[in-house]
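Asks: Residue-level listing of the chains:
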Amino acid sequence: MARLSVSPGESGNRPTLVHPADMPLLQCARFLLAEAGGAPPSPGPAPLTGTLSLAGAELLSSWLRRATPRLLAQAGGGSIRLWPNGTRLPVWRRKGKSELTIRFDRHAFELLNWLTLRLTAGSAKDAQVPQGGAVPPPSLVDSTGQAFLMWRIAVCLPPMEPHLGLRGEALAAWIPHHLPLRLGFPQAVAAAACVSWEEWLAGPRLTILECCQTWLRRRWVREWAELAALIAKLTPGREASFRMALNWLDRLQILCRRGTEWLRISAESKRWDLAAPLLQATRSSTFLRVIDRAEGLRPVIYSDGMQSGQKNASRLEDLASLVLALNQHHVQAAGIAYFDEDHAAAQSFLAATDGETTTLAAWSGHVVGRIRAAMAP
Amino acid sequence: MSYAYRIDLKESQIVSVEGKDTFTTCIELVDVLPAPAMRELLEQKLAEAGFRSEADHMVKVDGHTSVTVNLSTREVEVSALRGGERQVEVTVSHRGEDHAPVSAQERLQRQELLRQQLDQKLQTQTKIAETLMEKSLREEATAALREAIPRLAAELGCVSHAVQAAALETKARSMGTVERVEHDPDSQSMTIVIKLG
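Each protein sequence line maps, in turn, to chains A and B. Every letter in the first sequence is one number past the one before it in this note's numbering, and letter 16, counting from 1, is 16. Here this note's numbering = 1-based position in the second sequence + 1000.
Hints are computed from structural coordinates only; laboratory data are not their basis. There's no promise every hint is true.
[Stated by the list, open to error] Here are some, though not all, of the chain A residues that point toward chain B, as calculated from beta-carbon distances under 7 Å:
no.	residue
1	G305
2	Q307
3	L350
[Said to hold, decoys possible] With a cut-off of at most 30 Å between alpha-carbon atoms, the simulated DSS-like pairs for lysine-lysine come out as follows:
no.	chain 1	residue 1	chain 2	residue 2
4	B	K1010	B	K1121
5	B	K1171	B	K1020
6	B	K1171	B	K1135
7	B	K1171	A	K311
8	A	K311	B	K1060
9	B	K1020	B	K1127
10	A	K233	B	K1135
11	B	K1045	B	K1020
12	B	K1010	B	K1060
13	B	K1045	B	K1195
14	B	K1171	B	K1045
15	A	K311	B	K1135
16	A	K311	B	K1127
17	B	K1060	B	K1045
Where is the CB? At the ideal position from N, CA and C, for every residue including glycine.
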């Protein structure tokens, strides 16, 4: 028997005795469910059976039971501002048990097993140890536990070697089916969305999406920051600078189109509040650095002549479209009457930028003016 | 016994190169009158500004810069062209080592091979020189456009203002008796007083 000490989030508990064969999978689960981030485990070359002993299964269930609500609360908790008193209520105080239940079924276990095998493959000295294989596709049945673990895997796997390839493979396979991942990793290379997002706009999956709001806001602030840092210094007339400018425009267009898609999903489902993280991230000072970079691009993209310069500069129109779409979303949300079903969601969205010194309309007019000026030769 | 050799070849030829750049914009007008009437007014005001009519376009050429306005879509294309026949001088150098030819036929074969290699090098260098020249001419065309754009923007702005003013006046006349029309060039505004009935 082996001792596995300190389950995720619990300090001071007595160590639980589990079978040594359970260790790789339990260490992998602990990595996904831990409070603080860390390096993924590299389990030793222990035999991998793909099953758990009774003690191991009970321990895993206990971890999932405790860690899942905590992690979802940390990611945002799905607080919506109620009307008229303005109280913010998290998801566990607004919804019934059926909408809050996240089931960890066979599909979720298979996903955990797959991740363990893939992480073990790098450290295996024994050629007979199975290497993991392809990324398991999302289940077609309502496996909310699997959806939750997919989100944790994407969040926890570091975007650097030696896990970069694994992370990329996982995102490419899951993003077309997983709305939080699709919105949270806009630059990940994946196929176009091939499902309707209706499954994500009801039931426990909606709970997961609502709880991801703070995480989504942080992800987008980071996306804008990374984009702004990409071209801190360019030299007009140089081929390398020109290529970097075009690459920057590619990335900018991808971000803007994903943001516009986000607004469309939010408006069509009448869940106006779901777009609040996008609004908050875009009204941050980080986004204004992106506008500064767009203005600084002008001499570089026009260095290859007016004709190509105009064609490339016109790609900045996607950025203007995103800002205008945000403003339009705001206008539509403000027009929702108090007796409409989606009034609370609309008010929650409108409250997303409480405390800003300028109105969204004034801000968007100013920003769009700067973008259009940056497009002119 | 082998020997080293070097051949320097210089060639000068006249080539035809050009560099072109274009810029597109559009004339924004509010359709106060029906589209055909607005088109007619635009054509008239552009003609007054020195444009000549070519099918559905109005064209004005100023040196190497030409402005084309599509009357249907109101798109404006400004293009600058620099080019013509230029002299290109190319020098290629070929070094090698060879043994003395055994026979006259072998000597001829080697000469032919060498000639082909040198021709190829000359063609490559000439193409490079042409490309550099075209790039330089395109940069000149871009610079000419940059100079022309502010002047052109002002000119087309005047045309647009004149078309809008004429359209408003025509519209006003269709509504009643025009008593007074005042233009303010400073604020680019106009006041039309109409007596109805």
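Asks: A separate judgement is required for each hint: does it hold in the structure or not?
Replies: These are the hints, each one checked on the structure:
no. : hint                : in the structure
1   : G305                : 5 Å, holds
2   : Q307                : 5 Å, holds
3   : L350                : 34 Å, violated
4   : K1010(B) x K1121(B) : 11 Å, holds
5   : K1171(B) x K1020(B) : 42 Å, violated
6   : K1171(B) x K1135(B) : 50 Å, violated
7   : K1171(B) x K311(A)  : 38 Å, violated
8   : K311(A) x K1060(B)  : 24 Å, holds
9   : K1020(B) x K1127(B) : 18 Å, holds
10  : K233(A) x K1135(B)  : 25 Å, holds
11  : K1045(B) x K1020(B) : 28 Å, holds
12  : K1010(B) x K1060(B) : 43 Å, violated
13  : K1045(B) x K1195(B) : 28 Å, holds
14  : K1171(B) x K1045(B) : 17 Å, holds
15  : K311(A) x K1135(B)  : 19 Å, holds
16  : K311(A) x K1127(B)  : 27 Å, holds
17  : K1060(B) x K1045(B) : 13 Å, holds
Checked against the numbered hints above, the structure violates hints 3, 5, 6, 7 and 12; every other hint is satisfied.
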